[in-house]
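Chains B and A, in that order, give the protein sequences.
Position 114, counted from 1, in the first sequence is what the working numbering calls 114; the numbers after and before it change by one each time, with no gaps.
Position 90, counted from 1, in the second sequence is what the working numbering calls 487; the numbers after and before it change by one each time, with no gaps.
Hints are computed from structural coordinates only; laboratory data are not their basis.
Think of the CB as a built atom: it goes at the ideal place given N, C-alpha and C, for glycine as much as any other residue.
Incorrect hints may have been included.
Quick list of the computed label-pair ranges, beta carbon to beta carbon [claimed, not checked]:
#1 A:F450 to B:E383: 51 to 57 Å
#2 B:G48 to A:R758: 54 to 60 Å
#3 B:L49 to A:L544: 52 to 58 Å
Listed next, the stretches of chain A that the computed footprint assigns to chain B, with coverage defined by at least 3 CB atoms under 8 Å from CB atoms of chain B [to be verified]:
#4 434-440
#5 450-464
#6 468-482
Non-contacting residues of chain B with respect to chain A, defined by C-beta distances greater than 12 Å in every case (computed) [stated by the list, open to error]:
#7 G48
#8 S59
#9 G108
#10 D156
#11 L180
#12 W192
#13 L207
#14 G223
#15 G229
#16 S272
#17 A318
#18 R319
#19 K323
#20 R379
#21 R380
#22 G386
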Amino acid sequence: MTTVLPLVVLAALATATTVLLERGGRAGYGWVTGSEFALFGVALGPLGLDLLSGDLLGSVRPAVLLAVAWLGFRFGLRLRPSALRTVGWRMILASLIEPVVSLLVLRGLIEGLIRFGAVELAPATAWAIAAVGSATTKSSTAWARAQLGAKGGLTDSLEVMSTLDDVVLIAVAGWLAPRLAPVASQLPVHVWTAGVATLALGGGLALLVALLTGRGAFRADLGWIALFGVCALGAGLAASLALAPVSVAAAAGAVVGLLSPHADQFDELTRSTERPAVLVLLLLGGASLHGAWSVLALGAAVAVLRVLAKLGGGLTVARLLPKAVRRRDLGAGLLGAGGVAFAVAVALAQDLGPSGDLVLASAVAMALLGDFLGSPLLRRTLETAGELAAPAPEVAR
Amino acid sequence: MSAPLEPAAALPPSPAPAAAPRPRFPSPHFVELMRKSASLVVLMGLVVLSHHFAAPVPAAIEAVMGLGLLLLAGDIAADLVERIGLPHLTGYIVAGLLVGPHVLNAVPQTAVHALQPVNALALALIALSAGAELTWPLLTQGARSLLCSIGAQLLLVLPGSIATLLLLRKFVPFLAGMPLAAAAGVALIWGVIAVSRSPSATLGVLAQLRPEGPLTRYTLAVVIAFDLVVLVLFAFARNVAAVLTEPGASFSLASMHELGVGLLGSVACGTTLGLVVVFYLRLVGRELLLFLLVVGYGATEFTAYFHFEAMLLFLTAGFVVANISRQGERLLDAVAAGGRVIYVIFFALTGAAVDLGLLARIWPVALALVAARAVLTVVSAKLGSRWSKDPAEIRRYGWMPLISQAGVTLGMAVAIAEEFPRFGPGLAALIVAVVSVNQAVGPVLFKWSLDKTGETGKAGTARTPGPQHAVGAPEPAAP
């Protein structure tokens, strides 16, 4: 039997666990980003019960490529004009500056660790970890809306920021790809060449989607084929050109948003696929950790440093937000981690080889800390801003 | 949107007769054709550019790229062949053939091989939905017709095909020097292969045309039920052929025991899987397509490990879901939600696997076998319809849906090649050649028969998309 079958069984078990946890009323705390899947993977992987062995990441490389490209495409679609119409330019600016500041602060802190002699890291690995830490998952605010009844200006701002801030992560992934790719690039490894090639390929793929689905009545079956086919083709082409599949797919998604009249329908059609894709990647990431416990400890330390970086990022951009929602502790609402960032971490870990383990360990630690520290802090931030619905009176039994 | 109707009396007096509306140029059909052609140009441009710049990549990456290429090329080709009245399946197969390793080599052989698990998964989902289509009322209402059709085919096509191969054995390289008894063993396997039909092609055409009527019901019942019969016959034929062709081999009850265990195991596991699906649909009911993909993959690996019949297992599971619960429609909806993707992958890969070089080498024998099978099928279908007093449209067109052969038959060919090293690869090649012709002709004939009987489109629009694909569904909290 292939190594994929145990993974399938794991995915089924983890899904069952999530369903049981949700039914048990634990939706209020933790498990917001599905980090239990990562934990489950760690428990059953080489660091835990060692039920999975071999090169798990290598054996499911095509699936990872496809999932990462799919998530990248989904992200690109979110940049469509109709979705950004109601978002002001200051908000967009804040959404871009905050992750850049977080990235630089975290990169600086990691550099400090390197200089201090706590860890030896290649620059590419350090940038990869900092990029993964710079992004906030949008599931935190989605959870606050759905479970806590949050609504108001701050909730809206946090939602926009956590939705758009993946741009920085995806750009860094695109920049790193030619340096890390396992295939010898035929294109010059230059930031501009890679950038132009990424945009050109993404544009070509988007044109294909627009041509295939036309401007007439929307058909879901054609939409599925066009999107899935383009993501698979894009992921393969990007990998063979030593570009980042996530960046190419994101560029394609963004251009589809500009070219196709069906962009909103594409978004609705594929929305429910995002969580399953991320959950499987979380599980895979956890199960692929096989380094020493010291790597896990270092990952945990990086996750703690990320908290500082996010607080710094939030503090920097607070002035760009509307006065009514301007807060110094904005960064406390942006600690959720996972989603696209975790997917990129898994993809980068594949390319980084042995040092990829630290990227994965950091991503797992960030997801766990984001759930168990980030979610209560987000709740507190929204509570103090008066944006949480009053708790419903308990019905007497 | 149509304007609201007004009473005739309220209409103003008619002006002088208006000139006939000038035909719009460019016509919508022309625009569509140009759009599809442009997408083909863009697709080919991307492929050519990638071949120019891309470095050699591992098979896994080639497989991902190949999957995308097959999907997109299949979709474009399906649209183009629809314009000349051919079914989508033909377009998928042609696209696979063109981009596959034997023509353009945009999807190389390594990628086709690496995509076989995807193919097996697609076949599992098709079998699951085929089983769910086989409802008890469908079987009981058409029981007489079904029994007569199966009986006639077993009486005519099976022995007729055996005799044909034995008559042609001088022209078949791997049979030429074989003793008659051994050749009869090989011919028995061919006979069973010849009576196999294609549920996947049938469901693929039905998914596109959404027909309703006697011919549709007859086809569903006969093709899917017959598949169960063929699976049992094939297992039996393999055992008999082993005795007749392998020197020193003797018939033993142990082999029949293994056969029984394999078949009963498949049915038992299929029943269990069906119950799992029913419970999932009732208790959880979310992410159905994802659940089916996970279950399909897991069960496919499981059947490979225990040497069970995957097709039988999934057919049984679908049958259980449709007949012991009220979840059959939900299952069909969930599979239909990913339906076209599944069919494109399956048939485009089938097309990519067709070895044109091989076909060119053995075409005379393959063509003779195709012709003999077609004649025997026509005669047996007409005879079966006469016995069961079927309606005129079934008597006239009932043979047409029975020509197609695809996934199950190819799966049998692979099994034969592995199990019988002496003649297996040669017979498998011959089977692939015959299937290549039948899968090109069969769907066209089936579509033609549905058009002729007026059943096309009578079931309304396509099956409703599952809840996870409903446009406008509330957004789940994604990580």
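Hint numbers contradicted by this structure: Violated: hints 8, 13, 14, 15, 16.
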